[in-house]
Amino acid sequence: MNQPGDRLLEGSAAVVTGASGGLGRSIAAALAAHGAGVVIAARREDAGAKAVRAITDAGGRALFVRCDVTRRTDVEAAVAAAVDAYGGLDIMVHNANSAIANEPHRLEDVVVEEWDDVVRVASLGAFHCAQAAHTQLRRREGRFIVLTSAAGMEGSAYLPAYSAAKASQRAFVKSLAREWGSAGITVNALSPVAETPSLSAYLQKNPEVRRRLAGRAALGRVGDPDRDVAQAAVFLASGMARFITGQTLVVDGGAFMGL
Amino acid sequence: MTADDRAAGRTAICTLPTGPIGEGIARGLAQRGWQLGLVGMGEAPEALAASLRAEGATATAVGCELDTRAAVADAFTEATAALGPPRLVVHGFPLYPPRLPRPLLDINEAGWAMACGSPLRAALLTFQAAFDAFAAGGSGGRIVAVVPTFALSGAASFTLQASAAEGIRALVKSAARQWGADAITVNCLAVDGEALLDQHVAGAEVSLAVPALVAGDPADDLAPAVDWLASHDAHFVTGQTLVLDGGTWMAR
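Protein chains in written order, with the working numbering: chain A, 294 to 552; chain B, 75 to 326.
Be a bit skeptical, because a hint or two may be false.
Just so you have them, the derived chain A footprint on chain B, three or more residues with Cβ under 8 Å [as the list claims (entries may be wrong)]:
id, segment
1, 178 to 186
2, 201 to 215
3, 232 to 241
4, 251 to 261
Keep in mind the hints are simulated off the structure, nothing from the lab. Since the model is a prediction, treat every value here as computed from it, not as a measurement. Each residue gets a CB set at the ideal place from its N, CA and C atoms; glycine is no exception.
Only chain A is shown next, with the shape it has when bound in the complex:
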């Protein structure tokens, strides 16, 4: 029986979108540390190669596939790479975000092209990931994990487009969990707050935001992507979570408790 601390994903295969940096990279590294072969599916080739090297240097298995999740063929190529290299696919993690999603904006000023970009990376990306991965996932009673945000649950005074896109992920997860349960596939959402390098740079410049973010969390700090958050993705991907589906796991140190 699996227990925390074991290598939980020995011999399995994963695709993580948006894994060339930030939380996606941490999740990919954590899956690899638990024995999964990982496809780093991302747009940035240089950063993707670095993420691969960090995993292989630590003894893990990883490869990079250039992937824009709004392009169906790119996502299919990422899944095909997992099948070629690792013999199948057990875990699909859709983490990619639009580059402009985290720029604070006023709703009345949002231009529709930017809105569409945020929605397409999140929602169309999830759609492509689901369709591209389904055949493989159903062979292995696989896991589909989608990153969401408390902004999608409580709205955001700073990031309305991001909040709408992230909310749409949760209903997607619930609906698809109902639809694919009979195929043995679980579909869940992960709602983190993690101090990724980009958030860290922002918080350095805006210490009052750090105080506010940390102050909201019961544990009194912003999470570390590797130590605090990525392990939750490992859990959802593992056999320990085999009877959990359609749920949102909030991993933010006890900031959002509205579920």
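Could you slot chain B onto chain A? The hints should help.
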């Protein structure tokens, strides 16, 4: 209706006022003394406006695809020219035909755009047009977005529509946070998802829950709640979802 409500006027713009729910809310608002601008695609808004006028209401239809900011702004300008500045904007939920359950694997990218991308964009553009219209009026306003309850519950084979609906619900919350200072409240009305479907598939297994109440006429079941959200009495309610499905979904 309070003196504040009378002063604020009784003009409402209903976007995408189609199907039994959208038409019922519009009819109920008309019965409650609202004069209506009906903004939407195809022939439906004009047919509804004509039917409401025949019942003695003031209603004007404006055709609009709700796909660009300029198009929605023009539609709101036309409705406002005919009826005066709106106090209330009711945004309907577009379930594109065929309104049938459809497994995700059977949908192509154009289907994604129709079921998810377009509804989200239409909500953004409607909210922006409402903001501009309220700003021009100078005394704030009320936005009510109608979504199916499967935004909250999820529904097999309605995955993309549920995604769009829940995205709209978050948009409501974010808009409420940003526009509270402008005296604009933004709320959601969650209605029975099955009621939005085509008649012949009503009863599709969207939810296993049994409603506590029997649904009647949307004009009677739903419009009073919209009327209340638009009233002065509801001025402190924003970012919320009122679930009006007769007590089916209670797990929020």
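Hint by hint, here is what the structure shows:
For the segment 178 to 186 of chain B, the stated coverage by chain A is satisfied: 5 residues place a CB nearer than 8 Å to a CB of that chain, which reaches the threshold of 3. For the segment 201 to 215 of chain B, the stated coverage by chain A holds: 4 residues have a C-beta nearer than 8 Å to a C-beta of that chain, and at least 3 were required. Only residues whose beta carbon comes within less than 8 Å of a beta carbon in chain A count, and the segment 232 to 241 of chain B has 9; three or more means the coverage holds. Requiring three or more residues with a Cβ within less than 8 Å of a Cβ of chain A, the coverage given for the segment 251 to 261 of chain B holds, as 3 such residues are present.
Hint compliance for this structure: no hint is broken.
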